[in-house]
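A.B. asks: As a plain string of letters, each chain reads:
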Amino acid sequence: MVRVEFLGPIQKDALEVEISNLNELAAILQEDKELTEWLQNSAVAVNDTIVNSLDVALKDGDKISLLPPVCGG
Amino acid sequence: MLSLYDGALDVPKILKEWYEEEAQSNYGAYIPFVGTVRSEDGIDGLSFDIYEPILESWFDTWQQKAKEKGAIIKMAHSRGDVLLHESSYISAVFSPKRRVALEFIDEFVEDFKASAPIWKYDLKDGQRIYAKDRSTAIKGSGILGAKQ
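Chain order of the listed sequences is A and B.
Just so you know, we're using this note's numbering here: the first sequence kicks off at 1 and counts up by one.
Just so you know, we're using this note's numbering here: the second sequence kicks off at 1 and counts up by one.
No lab work stands behind these hints: they were computed from the structure.
Where is the CB? At the ideal position from N, CA and C, for every residue including glycine.
A portion of the hints provided could be inaccurate.
[Unchecked claim] Here are some, though not all, of the chain A residues that point toward chain B, as calculated from beta-carbon distances under 7 Å:
(1) Leu-29
(2) Leu-39
(3) Asn-41
(4) Ala-43
(5) Val-44
[Said to hold, decoys possible] Here are the simulated lysine-lysine pairs, DSS-like style, with alpha carbons at most 27 Å apart:
(6) Lys-147/B / Lys-63/A
(7) Lys-132/B / Lys-12/A
(8) Lys-132/B / Lys-113/B
(9) Lys-113/B / Lys-13/B
(10) Lys-16/B / Lys-113/B
(11) Lys-124/B / Lys-12/A
(12) Lys-147/B / Lys-33/A
(13) Lys-63/A / Lys-33/A
(14) Lys-132/B / Lys-63/A
(15) Lys-33/A / Lys-139/B
(16) Lys-97/B / Lys-65/B
(17) Lys-147/B / Lys-12/A
(18) Lys-113/B / Lys-69/B
(19) Lys-113/B / Lys-12/A
(20) Lys-12/A / Lys-139/B
(21) Lys-59/A / Lys-12/A
(22) Lys-113/B / Lys-65/B
(23) Lys-63/A / Lys-113/B
(24) Lys-124/B / Lys-59/A
(25) Lys-33/A / Lys-132/B
(26) Lys-16/B / Lys-65/B
(27) Lys-147/B / Lys-59/A
(28) Lys-63/A / Lys-139/B
Model the full assembly from the supplied sequences, consistent with the hints where possible.
C.D. replies: Below, the structure written as structure tokens:
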């Protein structure tokens, strides 16, 4: 299982999903209309490292985080 | 050094601590930046969420860049609520000569605004409202939204 966490203002509980890559995750999350805008503007981290492509293989126990637009300070 | 605090920062205390920590380190320049919550648009204050694992790795990368210039950076940020005229953010660069610190603090704070995983909310009429219009998408955002 892969755990998916939605950070900051995305009001959604974490998910546990059976997937082996980020393309599969994209397909699952795109089904959720409430996430449409967040998927367009959020960065994605795998095990706390931001990735720039969906070509990432996933294994059991991996953690994915969605990071919406930021504004520190 | 990265320090996170619940609520507003005690600015004089933090600046003094940082000064004293490096007083004997032979740095010629200490350039702090202090961010203070201003009264605007009827807000009562700001509130912050932080994702610490990525904030720490982001900060470590900048500390390494500073080290390559013979400098160090320190940063403090608030979690939770910070009211008007209180401070939520301090960063500082110490370097042997002023030019490095002046340029580095500018570069560092700009990337902080664009990349550090911190989310800001306006406190207004008892509500906590995400400051969406003032927020910046992190580089590389949107990959999960692209049509397959």
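A.B. asks: Hint by hint, say whether it matches the structure.
C.D. replies: Comparing the hints with the structure gives:
1. Among the interface hints, the one on Leu-29/A holds; its C-beta lies about 6 Å from the nearest C-beta in chain B, closer than the 7 Å criterion.
2. Using the Cβ-Cβ criterion of 7 Å, the hint placing Leu-39/A at the interface with chain B is satisfied: the shortest such distance is roughly 3 Å.
3. Annotation: Asn-41/A was flagged as interfacial toward chain B, and the flag holds, the nearest CB pair being 5 Å apart, inside 7 Å.
4. The restraint placing Ala-43/A at the interface with chain B holds, with a minimum CB-CB distance near 4 Å, inside the 7 Å limit.
5. Interface restraint check: Val-44/A against chain B, minimum CB-CB distance 6 Å, threshold 7 Å, status holds.
6. At roughly 23 Å between alpha-carbon atoms, Lys-147/B and Lys-63/A fall within 27 Å of each other, so this suggested pair holds.
7. As the CA atoms of Lys-132/B and Lys-12/A are separated by approximately 17 Å, the hinted pair is consistent with the 27 Å bound.
8. Of the supplied pair hints, the one linking Lys-132/B and Lys-113/B holds, its CA atoms being roughly 13 Å apart against a limit of 27 Å.
9. For the proposed pair Lys-113/B and Lys-13/B, the alpha carbon gap of about 24 Å is at most 27 Å, so the pair holds.
10. Our distance criterion of 27 Å between C-alpha atoms is met by Lys-16/B and Lys-113/B, whose separation comes to about 25 Å.
11. With a C-alpha separation of about 23 Å, the suggested pair Lys-124/B and Lys-12/A falls inside the 27 Å cut-off, and the hint holds.
12. For the hint pairing Lys-147/B with Lys-33/A, the CA-to-CA distance comes to about 14 Å; that is within 27 Å, so the pair holds.
13. At most 27 Å may separate the alpha-carbon atoms for a hinted pair to count; Lys-63/A and Lys-33/A meet this at roughly 22 Å.
14. Between Lys-132/B and Lys-63/A the CA atoms are separated by roughly 25 Å; this keeps the pair inside 27 Å, and the hint holds.
15. A distance of roughly 23 Å separates the Cα atoms of Lys-33/A and Lys-139/B; the hinted pair therefore holds under the 27 Å criterion.
16. Simply put, Lys-97/B and Lys-65/B have alpha-carbon atoms about 16 Å apart, close enough for the 27 Å limit, and the pair holds.
17. Taken as a hint, the Lys-147/B and Lys-12/A pair is honoured in the structure, with Cα atoms around 22 Å apart against an allowance of 27 Å.
18. For the hint linking Lys-113/B to Lys-69/B, the alpha-carbon distance of about 22 Å falls within 27 Å, and the restraint holds.
19. Pair hint Lys-113/B plus Lys-12/A holds up; C-alpha atoms about 24 Å apart against a cutoff of 27 Å.
20. At roughly 23 Å between alpha-carbon atoms, Lys-12/A and Lys-139/B fall within 27 Å of each other, so this suggested pair holds.
21. For the given pair, Lys-59/A sits about 23 Å from Lys-12/A by alpha-carbon distance, which is consistent with the 27 Å threshold.
22. For the given pair, Lys-113/B sits about 17 Å from Lys-65/B by alpha-carbon distance, which is consistent with the 27 Å threshold.
23. For the hint linking Lys-63/A to Lys-113/B, the alpha-carbon distance of about 25 Å falls within 27 Å, and the restraint holds.
24. Taken as a hint, the Lys-124/B and Lys-59/A pair is broken in the structure, with Cα atoms around 43 Å apart against an allowance of 27 Å.
25. With a C-alpha separation of about 19 Å, the suggested pairing of Lys-33/A with Lys-132/B holds against the 27 Å cut-off.
26. Between Lys-16/B and Lys-65/B, the direct Cα distance comes to roughly 24 Å. Compliance with the 27 Å bound is thereby established for this hinted pair.
27. Pair hint Lys-147/B plus Lys-59/A holds up; C-alpha atoms about 24 Å apart against a cutoff of 27 Å.
28. The hinted pair formed by Lys-63/A and Lys-139/B meets the criterion: a straight-line CA distance of about 20 Å does not exceed 27 Å.
In this structure, only the earlier hint numbered 24 is contradicted, and the remaining ones agree with it.
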